[in-house]
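Participant: Just so you know, the sequences run in chain order C and P. Here my numbering is used: the first residue of the first sequence is 1, the next is one more, and so on. Here my numbering is used: the first residue of the second sequence is 1, the next is one more, and so on.
FYI, nobody ran anything at the bench for these hints, they're computed from the structure. A quick note: this is a predicted structure, and the numbers were derived from the prediction, not measured. Hints are supplied without guarantee of correctness; some may be wrong.
Computed list of lysine-lysine pairs in DSS-like fashion (alpha-carbon distance at most 30 Å, straight line) [claimed, not checked]:
id: 1; chain 1: P; residue 1: Lys473; chain 2: C; residue 2: Lys67
id: 2; chain 1: C; residue 1: Lys67; chain 2: P; residue 2: Lys550
id: 3; chain 1: C; residue 1: Lys194; chain 2: C; residue 2: Lys2
id: 4; chain 1: P; residue 1: Lys372; chain 2: C; residue 2: Lys330
id: 5; chain 1: P; residue 1: Lys473; chain 2: P; residue 2: Lys537
id: 6; chain 1: C; residue 1: Lys194; chain 2: P; residue 2: Lys58
id: 7; chain 1: P; residue 1: Lys59; chain 2: C; residue 2: Lys330
id: 8; chain 1: C; residue 1: Lys367; chain 2: P; residue 2: Lys290
id: 9; chain 1: C; residue 1: Lys494; chain 2: P; residue 2: Lys59
id: 10; chain 1: C; residue 1: Lys494; chain 2: P; residue 2: Lys58
Number of protein chains: 2
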Amino acid sequence: MKKIRFAVAQLDPTVGDYPGNAGKILARIREAEKNGADLVVFPEMALCGYPVWDLANKKIFVREGLKHLDRIRRATAGLKVTAVLGFVGEGPRPGGRSRNSMVWISRGRIVGTYDKRLLPTYDVFLEDIFFEPGRKSPLIAWQGMRVGPTICEDIWDENYAEKPLAGLARKGADWVLNISASPYYRGVAQTREKLVRMQAARYRRAILYVNQVGGQDDLIFDGRSFFCDSRGEVLFRAPAFREGLYYFDWDPEEKSRPQVPGDPDAGTAAEVYQALLLGIRDYCAKNHFKRVVIGLSGGIDSALVAALAADALGPGAVMGIAMPGPYSSKGSWEDARTLARNLGIEFHVHPIRGKYQALLGAYWRQKRKAGKPVPAGRITLAMENLQARVRGLELMFLSNDEGRLVLTTGNKSELAMGYCTLYGDMAGGLAVIGDVYKTEVYRLARYRNSLGAVIPENSLSKPPSAELRPGQKDEDSLPPYEILDRILYLYIEKNYGRDEIVEEMKRSREKIKTSVRGGLARVVARVIRCVDHNEYKRRQTPPILRVSQKAWFGRRMPITNLFDA
Amino acid sequence: MKKIRFAVAQLDPTVGDYPGNAGKILARIREAEKNGADLVVFPEMALCGYPVWDLANKKIFVREGLKHLDRIRRATAGLKVTAVLGFVGEGPRPGGRSRNSMVWISRGRIVGTYDKRLLPTYDVFLEDIFFEPGRKSPLIAWQGMRVGPTICEDIWDENYAEKPLAGLARKGADWVLNISASPYYRGVAQTREKLVRMQAARYRRAILYVNQVGGQDDLIFDGRSFFCDSRGEVLFRAPAFREGLYYFDWDPEEKSRPQVPGDPDAGTAAEVYQALLLGIRDYCAKNHFKRVVIGLSGGIDSALVAALAADALGPGAVMGIAMPGPYSSKGSWEDARTLARNLGIEFHVHPIRGKYQALLGAYWRQKRKAGKPVPAGRITLAMENLQARVRGLELMFLSNDEGRLVLTTGNKSELAMGYCTLYGDMAGGLAVIGDVYKTEVYRLARYRNSLGAVIPENSLSKPPSAELRPGQKDEDSLPPYEILDRILYLYIEKNYGRDEIVEEMKRSREKIKTSVRGGLARVVARVIRCVDHNEYKRRQTPPILRVSQKAWFGRRMPITNLFDA
Numbered sequence: 001m002k003k004i005r006f007a008v009a010q011l012d013p014t015v016g017d018y019p020g021n022a023g024k025i026l027a028r029i030r031e032a033e034k035n036g037a038d039l040v041v042f043p044e045m046a047l048c049g050y051p052v053w054d055l056a057n058k059k060i061f062v063r064e065g066l067k068h069l070d071r072i073r074r075a076t077a078g079l080k081v082t083a084v085l086g087f088v089g090e091g092p093r094p095g096g097r098s099r100n101s102m103v104w105i106s107r108g109r110i111v112g113t114y115d116k117r118l119l120p121t122y123d124v125f126l127e128d129i130f131f132e133p134g135r136k137s138p139l140i141a142w143q144g145m146r147v148g149p150t151i152c153e154d155i156w157d158e159n160y161a162e163k164p165l166a167g168l169a170r171k172g173a174d175w176v177l178n179i180s181a182s183p184y185y186r187g188v189a190q191t192r193e194k195l196v197r198m199q200a201a202r203y204r205r206a207i208l209y210v211n212q213v214g215g216q217d218d219l220i221f222d223g224r225s226f227f228c229d230s231r232g233e234v235l236f237r238a239p240a241f242r243e244g245l246y247y248f249d250w251d252p253e254e255k256s257r258p259q260v261p262g263d264p265d266a267g268t269a270a271e272v273y274q275a276l277l278l279g280i281r282d283y284c285a286k287n288h289f290k291r292v293v294i295g296l297s298g299g300i301d302s303a304l305v306a307a308l309a310a311d312a313l314g315p316g317a318v319m320g321i322a323m324p325g326p327y328s329s330k331g332s333w334e335d336a337r338t339l340a341r342n343l344g345i346e347f348h349v350h351p352i353r354g355k356y357q358a359l360l361g362a363y364w365r366q367k368r369k370a371g372k373p374v375p376a377g378r379i380t381l382a383m384e385n386l387q388a389r390v391r392g393l394e395l396m397f398l399s400n401d402e403g404r405l406v407l408t409t410g411n412k413s414e415l416a417m418g419y420c421t422l423y424g425d426m427a428g429g430l431a432v433i434g435d436v437y438k439t440e441v442y443r444l445a446r447y448r449n450s451l452g453a454v455i456p457e458n459s460l461s462k463p464p465s466a467e468l469r470p471g472q473k474d475e476d477s478l479p480p481y482e483i484l485d486r487i488l489y490l491y492i493e494k495n496y497g498r499d500e501i502v503e504e505m506k507r508s509r510e511k512i513k514t515s516v517r518g519g520l521a522r523v524v525a526r527v528i529r530c531v532d533h534n535e536y537k538r539r540q541t542p543p544i545l546r547v548s549q550k551a552w553f554g555r556r557m558p559i560t561n562l563f564d565a
Numbered sequence: 001m002k003k004i005r006f007a008v009a010q011l012d013p014t015v016g017d018y019p020g021n022a023g024k025i026l027a028r029i030r031e032a033e034k035n036g037a038d039l040v041v042f043p044e045m046a047l048c049g050y051p052v053w054d055l056a057n058k059k060i061f062v063r064e065g066l067k068h069l070d071r072i073r074r075a076t077a078g079l080k081v082t083a084v085l086g087f088v089g090e091g092p093r094p095g096g097r098s099r100n101s102m103v104w105i106s107r108g109r110i111v112g113t114y115d116k117r118l119l120p121t122y123d124v125f126l127e128d129i130f131f132e133p134g135r136k137s138p139l140i141a142w143q144g145m146r147v148g149p150t151i152c153e154d155i156w157d158e159n160y161a162e163k164p165l166a167g168l169a170r171k172g173a174d175w176v177l178n179i180s181a182s183p184y185y186r187g188v189a190q191t192r193e194k195l196v197r198m199q200a201a202r203y204r205r206a207i208l209y210v211n212q213v214g215g216q217d218d219l220i221f222d223g224r225s226f227f228c229d230s231r232g233e234v235l236f237r238a239p240a241f242r243e244g245l246y247y248f249d250w251d252p253e254e255k256s257r258p259q260v261p262g263d264p265d266a267g268t269a270a271e272v273y274q275a276l277l278l279g280i281r282d283y284c285a286k287n288h289f290k291r292v293v294i295g296l297s298g299g300i301d302s303a304l305v306a307a308l309a310a311d312a313l314g315p316g317a318v319m320g321i322a323m324p325g326p327y328s329s330k331g332s333w334e335d336a337r338t339l340a341r342n343l344g345i346e347f348h349v350h351p352i353r354g355k356y357q358a359l360l361g362a363y364w365r366q367k368r369k370a371g372k373p374v375p376a377g378r379i380t381l382a383m384e385n386l387q388a389r390v391r392g393l394e395l396m397f398l399s400n401d402e403g404r405l406v407l408t409t410g411n412k413s414e415l416a417m418g419y420c421t422l423y424g425d426m427a428g429g430l431a432v433i434g435d436v437y438k439t440e441v442y443r444l445a446r447y448r449n450s451l452g453a454v455i456p457e458n459s460l461s462k463p464p465s466a467e468l469r470p471g472q473k474d475e476d477s478l479p480p481y482e483i484l485d486r487i488l489y490l491y492i493e494k495n496y497g498r499d500e501i502v503e504e505m506k507r508s509r510e511k512i513k514t515s516v517r518g519g520l521a522r523v524v525a526r527v528i529r530c531v532d533h534n535e536y537k538r539r540q541t542p543p544i545l546r547v548s549q550k551a552w553f554g555r556r557m558p559i560t561n562l563f564d565a
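Using the sequences plus the hints, can you model the full thing?
Facilitator: This is the structure we're talking about:
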């Protein structure tokens with residue numbers, strides 16, 4: 001085999017934007033040609049973006065894509081470089097499901113096609129609904145070589161009876177190409193490389209892995225394309241979270257070559273931070289929001305979201321609003337102001353006390369008029385929620401008035417426990433840290449401060465509080481976050497039952513503080529009941545950026561559910 | 001074959017409620033025994049309810065079910081009747097997917113089992129995610145007969161390569177049993193009977209079809225179990241939307257017997273009305289809400305929802321609140337009051353003018369203080385939404401204060417067009433008519449009035465208006481509903497593209513009014529853009545009772561989507 005110059009086009013497409021995506025693809029093809037590449041490779045579904053869900057079954061959507069594909073084909077007529085890209089192919093039956101397809105284009109002609117065989121249908125993937133699986137793995141004849149084509153799941157074959165790679169190896173593929181749209185979660189880089197390297201070594205075939213980059217609603221794609229040789233050694237890596245065209249020269253005859261170092265950020269707070277930046281940036285850009293607004297409570301969650309937004313969009317695009325209420329501490333809006341000043345964002349203090357009391361007074365008058373008793377001297381759930389909702393109302397007014405996207409600031413621990421108010425702090429267009437546990441929020445905040453201290457130390461050190469009643473602390477209603485997050489992780493990510501969680505926590509080395517009131521078994525049972533019972537709130541959230549392997553988006557639970565886990 | 005006395009247990013289970021469901025199953029088995037039944041048949045997943053989604057993959061959930069199954073088995077030890085029921089079976093691999101299973105229990109012993117082979121994975125069904133398919137169709141030997149077991153989709157085999165019925169016929173099944181959890185949509189009764197009768201006649205086997213009844217979040221199961229003989233003639237029908245134990249005596253040797261008449265309500269407004277009643281009743285009962293609250297605008301949508309709620313829960317459980325705003329007509333709350341009086345529900349008038357103006361005044365003061373210009377003399381989108389949200393805030397306060405579920409009143413046409421306000425009229429726990437087009441709302445309202453006039457004629461006859469600015473009418477912003485609903489139906493239910501819709505509407509006999517401004521093609525394009533653009537609002541709705549074949553719940557569209565259909 002001769003030497004190959006690969007151009008890895010780690011694309012950030014926009015779902016449904018055929019003209020835009022095709023334009024980007026054409027520009028990258030020309031750039032690759034200019035730089036002497038032999039093969040320029042785009043990710044799975046590069047032409048239409050991923051995932052397209054039900055769009056895949058619209059005839060007009062598929063046909064429109066084919067038109068743009070044809071335009072790309074014609075444009076390569078005078079070029080030497082071969083281009084490979086993913087698109088939605090027409091299905092075998094009219095009115096039936098479509099295909100998840102790959103095409104090879106050279107000198108104005110289609111020289112190879114392939115349809116994805118293994119269709120992931122679990123968690124955030126529902127490809128069986130939209131696509132008809134391919135049945136064959138033809139080799140692509142290219143420049144005297146036989147290339148084995150695969151799309152994403154095709155190489156993650158452990159849970160499938162079919163093994164596309166085995167077939168390709170048997171037929172004598174010289175090397176394997178995989179185009180993917182593989183979304184990010186903390187730890188995915190290690191899992192992915194381990195799998196691809198293992199498969200390369202098992203079948204003794206080099207694998208070029210090309211992944212999409214970018215944010216699409218809840219999902220964040222991290223790119224991180226790479227090449228590993230037939231011994232499973234990584235010789236090339238494209239960066240994480242960055243769109244671009246990256247070159248790699250491969251000499252198949254070369255006996256040994258130094259492996260390139262791994263990504264030092266993989267699995268760290270730095271990595272999660274980068275992922276969230278991309279998620280915010282792409283959601284805003286692709287939905288044409290230039291500016292955002294965030295309610296700043298002085299607490300750690302909203303501080304982190306504001307820092308992320310300022311880093312993602314620039315401080316000029318961010319407005320922070322402190323809305324102190326009747327039970328807010330003075331420190332709360334001072335911390336918010338310090339944060340805003342540190343970040344250089346627009347900041348206003350809009351107290352809610354007057355608004356809240358005007359509404360509450362009217363409600364109680366109405367109630368008395370109806371001859372119903374009004375609670376005296378205590379703060380009810382209705383009153384707590386009203387405070388949160390007066391804030392939500394104000395943020396939404398600002399959103400409509402100034403054309404700003406509201407970023408919500410709830411974390412995964414709160415969403416799990418329902419420690420949040422529908423239409424109150426849950427109101428907004430994008431839930432930035434809804435898949436980040438509270439203990440991880442602290443780690444991300446400290447990481448951000450390590451780059452330049454913007455989040456006030458006070459927000460990091462004071463005990464978390466919703467400040468909806470005098471002297472309220474989160475830990476009055478919730479177990480300490482260190483314990484809560486561990487229970488939640490075992491319940492949500494690991495899918496453990498009550499007894500398994502208790503056992504696992506007792507077995508593990510972490511010391512369960514004696515301050516868990518009522519004993520661990522009781523606490524675990526209560527947490528699980530809270531999680532289940534609050535499914536109705538999570539059904540009404542905006543998209544939640546996904547950074548864990550089991551985010552809310554891929555977890556399907558009934559609201560009506562009497563099971564006591 | 002000898003005569004059989006079937007007891008068809010058309011059960012309404014609650015998801016996750018093993019003790020409750022098992023108790024009901026045991027009571028029905030004993031009742032069937034007492035009444036001399038040979039076979040008592042429960043629906044698919046009767047033991048755990050359907051759908052259970054991710055619960056199916058919790059080990060503890062599966063094991064808990066097996067315990068209750070064992071309890072049922074032991075309880076049948078002294079009985080003559082054989083019981084058949086559906087449950088979640090353990091999967092073949094530890095940590096892998098579960099099974100959708102059926103069990104035959106006789107005299108304290110398990111005498112037959114079967115695992116569902118065809119797993120529906122489209123629209124509201126995602127069984128491939130949760131279940132491992134069965135591979136075999138064993139015959140069940142029972143009382144000298146060979147019975148062919150099937151579960152729901154197994155007989156809907158058109159789009160599958162495998163045909164379980166063909167195998168059962170080949171093996172010599174004497175008759176076929178199908179247990180289902182088949183949800184309602186308008187027209188399902190006809191579709192279902194046609195399919196089952198066609199299959200019975202094709203394979204010359206009688207089929208007993210037993211379906212679940214009841215509401216589960218968005219889904220409503222209509223029951224309507226039936227029996228058809230080997231010529232496809234229907235000899236028995238259980239009622240729609242009613243839980244119960246129904247008996248049918250079958251003599252396989254009997255040559256002919258009169259068919260029973262079809263359901264006169266099938267596909268009518270009466271049927272949809274019944275479906276919605278069950279949806280409301282079960283959502284409230286299963287989630288322990290005894291009372292509801294509804295915002296009454298004087299318009300047709302909220303009037304219909306109030307009538308449904310009063311009919312479903314009793315007038316004593318329903319509170320209506322009229323919240324006239326600065327641009328509400330006087331007629332609006334008078335119509336609401338008349339409605340409430342006709343229904344006999346609790347009713348209050350809580351004007352929002354003062355609350356709205358207090359908040360708006362504060363917002364504008366804040367804005368001026370920040371040196372930003374305040375719009376003068378016009379009503380902006382922010383101001384319209386604020387009115388709707390002040391109402392939402394008040395309903396949620398009442399919800400929290402009195403423990404009432406808020407029923408939302410938006411219809412499918414509005415949800416499609418985004419002609420609704422997040423956290424305003426969209427705020428609530430259950431969207432009762434979110435899958436009912438506006439033109440159908442009128443039909444349902446007229447149907448309800450035909451049983452006893454409760455909805456004021458004025459609500460039926462006045463032009464629809466959101467009343468958020470002076471003189472506003474829906475038809476200022478939207479095409480006439482007759483036209484809009486036709487476009488939406490073709491786009492959402494039929495999945496047509498723009499050109500196909502225009503062609504279809506021109507071809508069809510209905511006259512396109514010349515009053516469609518800007519020509520049909522333009523109107524269709526604008527409607528489609530609105531539907532696509534408002535996906536973000538629909539992502540934040542409460543469960544929407546499903547009465548159409550393509551409801552929002554089974555329609556998966558990206559929010560970020562630049563495709564121009």
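Participant: Given the proposed pairing of Lys367 of chain C with Lys290 of chain P, does the C-alpha separation stay at or below 30 Å?
Facilitator: Answer holds: Lys367 of chain C to Lys290 of chain P is near 20 Å, not above 30 Å.
Participant: Given the hint that Lys67 of chain C pairs with Lys550 of chain P, does the C-alpha gap stay at or below 30 Å?
Facilitator: 29 Å, holds
Participant: Does Lys330 of chain C lie within 30 Å of Lys59 of chain P when you go C-alpha to C-alpha?
Facilitator: 49 Å, violated
Participant: Is Lys372 of chain P close enough to Lys330 of chain C, meaning Cα to Cα at most 30 Å?
Facilitator: 27 Å, holds
Participant: Check whether the Cα positions of Lys473 of chain P and Lys537 of chain P lie no farther apart than 30 Å.
Facilitator: 22 Å, holds
Participant: For a C-alpha distance cap of 30 Å, please report whether Lys494 of chain C and Lys58 of chain P respect it.
Facilitator: 10 Å, holds
Participant: Regarding the pair Lys194 of chain C and Lys2 of chain C, is the alpha-carbon distance no greater than 30 Å?
Facilitator: 27 Å, holds
Participant: Lys494 of chain C and Lys59 of chain P: Cα distance at most 30 Å?
Facilitator: Distance ~11 Å between Lys494 of chain C and Lys59 of chain P Cα, so the pair holds.
Participant: Going straight from one Cα to the other, do Lys194 of chain C and Lys58 of chain P come out at no more than 30 Å?
Facilitator: Measuring from Cα to Cα gives roughly 28 Å; hence the hint holds.
Participant: Please work out if Lys473 of chain P and Lys67 of chain C have their alpha carbons no farther apart than 30 Å.
Facilitator: Roughly 41 Å separates the two Cα atoms, so the pair is violated.
Consistency with the previously given hints fails for numbers 1 and 7, ordered from lowest to highest.
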